[in-house]
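If you want the building blocks of each chain, they are given just below.
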Amino acid sequence: MRRFLPLLLIGTLIVIGCRTIPKDALSLSPESFAQRQMQTRKYETKDEAKILAACAGLFQDMGFNLDESETKLGVISASKMRSAVSAGQQVGAALLTILTRTSHPTDKQQKMRVSIITRPVGEHGEYISVRVTFQRIVWNTHNQVTKSESLADPQIYQEFFDKLSKSIFLEAQAI
Amino acid sequence: MKFKSVLFLIIFSLFVVGCASTQQRLLDSDSSQVQLRSIQTRAFDTTDKEKTLRTVIATLQDLEFVIDKADLTLGTVSATKLKSYAVRITVTVRPRGETQLLVRANAQYNLEPITDPQPYQQFFAALEKAMFLTAHQAD
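Protein sequences appear in the order of chains A and B. Counting from 1 along the first sequence, just add 3 to a position and that's the residue number in my numbering. Residue 75 in my numbering sits at position 76 of the second sequence, and the numbers go up by one each step.
Worth flagging that the hints you see were computed from the coordinates, not collected in a lab. Because the structure is a prediction, the values reported are computed rather than measured.
To spell it out: a stretch of chain B is covered by chain A in this simulated footprint if at least three of its residues, at any positions, have a beta carbon under 8 Å from a beta carbon of chain A; those stretches are:
| hint | stretch |
| --- | --- |
| 1 | 41-53 |
| 2 | 60-69 |
| 3 | 79-86 |
| 4 | 115-128 |
Glycine included, C-beta positions come from ideal geometry on N, C-alpha and C.
Just need the whole structure built from these sequences, with the hints factored in.
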């Protein structure tokens, strides 16, 4: 037993002292180009403010509240709180509770965040590119964070840009 | 006896490693200001603040950050990356002399400040590529 004590000592030091950042946290990943393509669309206009206004309108359509914006840099960020309860997880937790007779936490709520960035592109700035990124944090019934992640499902982005095209049209018609 | 002394050492190490005072945590006074700035800062041969900030934002998006806020007048951008961990970064851009801009980034990983040079080197390497410009060591 005593032989293990120095090990334990070193173990505690490592656990406490070395919560270091993963090596790739601030480096470009091989997928970053594909992700950029998935998250970006170009619109043929020089009117950046118009696109930003359409994005703000779309965020409202999607129930987001705007947190920050800087028109001069083409930035809008927004967020919303939503339920994170899923039926499957509830059933699983209920079964576990019956089996183990202790209560099991399930996902309760989530904060969903989005930011949109516009920038003039093309040789003479004849296009406005729009890049959108989503992420979320999920808390369980014990208020512990169970997930914090970027949302990378291509369908999310597909639907978002379909809606954005509609929003740009609606804004143009002032509806 | 030996058991007791090892136990004491464990508890002692917990104190040494784990317990900074509020003042130390608030002011992060364990790191050298000069050294930190040199790790976190690079100079670029351009005076276009808006373009530089837009490129910083694009680079952060490539690195899977979601932009929290940005301010052209002040020259700042803050962003968060969530990937089972949380990294929060603030980047500032300000003029240096007549021909250069200074770009400084400071970041935290979960509850810890990032003081290791490597993540900053990686960030500036990604930014250099997007800027089509070389990042100079600022000192």
